[in-house]
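Enquirer: Residue numbering for the sequence shown follows the numbering used here, starting at 4 and increasing by one per position.
In case anyone wonders, no lab produced these hints; they're calculated from the structure. Possibly wrong hints are sitting among the right ones.
Now the in silico label distances, taken between C-beta atoms and shown as ranges [stated by the list, open to error]:
no., residue 1, residue 2, range
1, Glu-167, Lys-85, 23 to 33 Å
2, Glu-173, Gly-68, 26 to 36 Å
3, Gly-166, Ser-41, 36 to 46 Å
Capping the alpha-carbon separation at 27 Å, the derived lysine-lysine pairs in BS3-like fashion look like this [stated by the list, open to error]:
no., residue 1, residue 2
4, Lys-60, Lys-126
5, Lys-60, Lys-121
6, Lys-44, Lys-60
7, Lys-44, Lys-100
8, Lys-64, Lys-98
9, Lys-98, Lys-123
10, Lys-90, Lys-115
11, Lys-44, Lys-19
12, Lys-121, Lys-90
13, Lys-121, Lys-44
14, Lys-64, Lys-123
15, Lys-107, Lys-123
16, Lys-129, Lys-107
17, Lys-140, Lys-126
18, Lys-115, Lys-85
19, Lys-115, Lys-64
Where is the CB? At the ideal position from N, CA and C, for every residue including glycine.
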Amino acid sequence: MRVDILRKRNQKSYWKWIWIGVAAFVAVIAGVFIFFYSAQKPVRADEETALARIDGKVDLKQQDGFYLYNGANGVYYVLTGKNSKSKNIIVWVPKSKKGTVVVKYASDGISKNEAIAKVKQEKNPKKILNVTLGMDKGVPIWEVSYLDSSNSLNYYDLDFETGEWYRAIENL
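Construct the entire structure; sequences and hints are all you get.
Expert: Structure (structure tokens):
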């Protein structure tokens, strides 16, 4: 009789710890989700700001990409998508309301993959970290950040239209 009581207590204790473990696991997963969701909130707000600034002024019917460029000469929001004629376009929206919105067809410049290939060919990076569209002094650019063989951070900017070198910041 005493053995049965102890066995039931142990079973209850066993299930209690399983439920505590499951609850802890769910809490951790929820925490991670909330953390990443919160981290994206400012970027989503910037995207909404850019869309509001061009609403009714730019023929962007379907948006499929967003880049946030933080350059030496200002912050730009860059939207990619299709216009009403289903042509791929890129829209550079300055954060400053004084700046000019620039719209170009994607076919007017090099693609993201072409920018990556050019950097790989010219700089032989160990790892590409990020590729973003930006604007510097009125010139649309691709900014490629990468690590070199000595793990130094580097930025290589390419002219969007020509694909030629625009600027490099190396060994940071």
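Enquirer: Now tell me, hint by hint, if it's right for this structure.
Expert: Structure-based check of all given hints:
Checking the proposed 23 to 33 Å range against Glu-167 and Lys-85 shows it holds: the Cβ atoms sit about 27 Å from each other. The hinted range of 26 to 36 Å is satisfied by Glu-173 and Gly-68, whose Cβ atoms lie roughly 28 Å apart. Between Gly-166 and Ser-41 the CB atoms are about 38 Å apart, so this pair conforms to the stated range of 36 to 46 Å. With a CA separation close to 39 Å, the supplied pair Lys-60 and Lys-126 exceeds the 27 Å bound.
At roughly 34 Å between alpha-carbon atoms, Lys-60 and Lys-121 are farther apart than 27 Å, so this suggested pair is violated. Pair hint Lys-44 plus Lys-60 holds up; C-alpha atoms about 25 Å apart against a cutoff of 27 Å. Restraint check for Lys-44 and Lys-100: satisfied, since their Cα atoms lie roughly 22 Å apart, inside the 27 Å limit. A distance of roughly 21 Å separates the Cα atoms of Lys-64 and Lys-98; the hinted pair therefore holds under the 27 Å criterion.
This hinted pair does not check out: Lys-98 and Lys-123 have alpha carbons roughly 31 Å apart, beyond 27 Å. This hinted pair checks out: Lys-90 and Lys-115 have alpha carbons roughly 17 Å apart, not beyond 27 Å. Annotation: proposed proximity of Lys-44 to Lys-19 is violated, straight-line Cα distance about 37 Å (limit 27 Å). Proposed proximity of Lys-121 and Lys-90 is supported: the alpha carbons are some 25 Å apart, at most 27 Å.
Taken as a hint, the Lys-121 and Lys-44 pair is broken in the structure, with Cα atoms around 33 Å apart against an allowance of 27 Å. In summary, the hint linking Lys-64 to Lys-123 is not supported, as the alpha carbons are separated by about 34 Å, beyond the 27 Å threshold. With a CA separation close to 26 Å, the supplied pair Lys-107 and Lys-123 stays within the 27 Å bound. Under the criterion of a C-alpha separation no larger than 27 Å, the hint pairing Lys-129 with Lys-107 is inconsistent with the structure, at around 32 Å.
Taking the CA atoms of Lys-140 and Lys-126, the gap is about 24 Å. The hint holds against a cut of 27 Å. Under the criterion of a C-alpha separation no larger than 27 Å, the hint pairing Lys-115 with Lys-85 is consistent with the structure, at around 17 Å. In summary, the hint linking Lys-115 to Lys-64 is supported, as the alpha carbons are separated by about 21 Å, within the 27 Å threshold.
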